[in-house]
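> So the sequence lines, in the order shown, correspond to chains A and B.
Numbering-wise (UniProt numbering), the first sequence opens with residue 1 and increments by one.
Numbering-wise (UniProt numbering), the second sequence opens with residue 1 and increments by one.
Derived from the structure by calculation, the hints contain no laboratory data.
Okay, derived cross-link-like pairs now, DSS-like style, lysine-lysine, Cα gap no bigger than 25 Å in a straight line:
id, chain 1, residue 1, chain 2, residue 2
1, B, K190, A, K90
2, A, K149, B, K48
3, A, K149, B, K71
4, B, K48, A, K90
5, B, K57, A, K149
6, B, K57, A, K213
7, A, K213, B, K71
8, B, K305, A, K327
Between beta-carbon pairs, the in silico distance windows are:
id, chain 1, residue 1, chain 2, residue 2, range
9, B, E304, A, R238, 52 to 58 Å
10, A, D244, B, P81, 41 to 47 Å
11, B, Q290, A, K327, 36 to 42 Å
12, B, D335, A, D174, 55 to 61 Å
13, A, A182, B, F115, 24 to 30 Å
14, A, S292, B, E304, 39 to 45 Å
15, A, Y332, B, N348, 48 to 54 Å
16, B, D75, A, Q240, 51 to 57 Å
For every residue, glycine included, the Cβ atom is placed at its ideal position computed from N, Cα and C.
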Amino acid sequence: MISIEEMDNLLYMSQRQGKISFYMTSFGETATTVGTTAALQSQDFIFPQYREQGSFMWRGFTIEQIVNQCIGNHLDGGKGRQMPVHYGSKDLNIVTVSSPLTTQVPQASGAGYGFRVNGENKIAATWFGEGAASEGDFHSAMNFAQTLKCQTLFLCRNNHYAISTPTDDQFRGDTIAGKAPAYGMRTLKIDGNDLLAVYNGVKYAREQIIKNKEPFFIEFITYRIGDHSTSDHSVLYRSQEEIDSWKSGNNPINRLGLFLKKQGLRQFNDEHDNQIRKDVRNRVIAALKNGSEQQQPSIQDMFTDVYDEVLPHLSEQYTQLRDHLTKYKDQYPINKFKGGL
Amino acid sequence: MQLLKRVHQFGSTKHRFASDIGSTNRQKMNLFQAINNALDIELGANPKALLFGEDVKFGGVFRCSQGLNEKYGTDRVFNTPLCEQGIGAFGIGLASVGYTAIAEIQFGDYIFPAFDQIVNEAAKFRYRSGNQFNCGSLTIRSTWGAVGHGALYHSQSPEAYFAHTPGLKVVVPRDPIQAKGLLLASIRDKNPVIFFEPKALYRNAEDEVPLDDYELELSKAEVVQQGKHITLIGYGTSIRVLREASKMAEKDGVSCEIIDLQTIYPYDGQTLVDSVKKTGRCIITHEAPQTCGMGAELSAFIQEKCFLHLEAPIRRVTGYDTPFPLVHEPIYLPDKFKIYEAIKESVNY
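Make a model of the complete structure from these sequences and hints.
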């Protein structure tokens, strides 16, 4: 959690410095993602929203992979096609992030159905915020999952804001967890800033999903300490006092640290933690430097992966582009692309 | 750039044209029976194939899934809740983890709640993930076209909306033999395919359909009738209308070449170009409204490639730019008389 916080700090600043175009931090919410992913098994598929770098990094997604995706260089697993923070990893069973909100949730219902009918010890775990839960896709997902008995785990990060929209403008009724029993679904509501509660709750939910072959819903109550993204300035719609009260009074990193200290399990040692932060900072800085020196994916890669193979009309369009770029080569940053023309 | 080789699966045979299928092991089937047969073959050959949608379990409102739940069980052939956006998303999710998802949307007119999932998710799944993920094993089957009394919401031809979306394939069969082969090819194609079935033909179209497992190539148009003087392009139910119009034109000594597009997107431009370079004249027909219909795209493409060969402007004979009407249907449709008039004007230009 400390590493993620430090990395988020650096990458936020790197956007302000023009090194990457955009970034989204997860300050205040890392217990939800880290605790959850620790309680899942590696073969479980995760369908993320966009603020779950904790899930990625717990499973081993590296700082370098994160930075390369944000820069969009040729080392990005996504081949430079998407905006920053749209990570994905086939190796880690985490489906690539997409910008349209909530679309991943009913997809997780589908995946969870496949796992059940094939008798697999696998679940589909999907993340979404309390704002995303207002989309129609949320309703479809919940109804399909329970009615068709899907091995799907619904994970809602209620962090109190959807960009500037506070929960009072988002829903009435008893939070998102209040909706789940209406679908016939088992539900837990967990303090999302208590890492151990998160871990234990998700572990239980996963066991129940596999045992009963039906979905489970968890809402985590947490708080988005940072801005929605680098395009946001949250003091325009909330008070600094509110932010600070969560930051100092209900912060997942501090709470875990204090707990471990009281249990005598760890020295809450400022010097040690500062070293972790320093190491992470250096690693991010190195990744940014190396990453920015890399070329972007090739020009051909604009045309690949639209289909499983490059179809004739795309081949023709590539040829037209190539001829145009050859003719006007001084007007375009051709050497930025791997392989050039 | 390399085109990857296709790999045969499940012992099926691949053909370019239905006329290439030499099989004598045939059975008289209508369109819904041919579809049913294709689904039966895939479910039998592929244990990871699943068929689902509204009312699919009892056999489907058009009987396409008749007997399949009894044969393959409710885990594999099942009803979904009444929710098209859910059906689309559910299918994408299944396909993304390796299942062959055959999703049914009962009427093309109701595919729009799933539009976001289809256009923003299914179509872009492979590209945006850098090919780490894909939902190529998703096929969405839906019904399509005029039926005589369907009005606004049981008659639509929505192909153009999806043909404007890179990453998707869109297919419309004209007859039972094509439907079976094109559906099997669509299901096995490694890209998400939308397969529109002309509902007017479910019972009305009959053929001696081969019982084998066979596929017909996607993105290949078929010249269903050779001709010299003018090229007529259509798909689905409009092929019948083109045949009738061409018989009328024949009496005037006009020889018409009729092409079935089959795959709407990505379409087989080469076959169209070869034909129009030969005839110099072209008419495109579809039930969907004129503006921004497939006629618009094909006209632009053909005039770009065949400009100096054209003897007359390319004509579109289509539905009007109105919602699909009920009582006005007989005068709304692009029928044989309208096409015949367009042929005459073109030939006499």
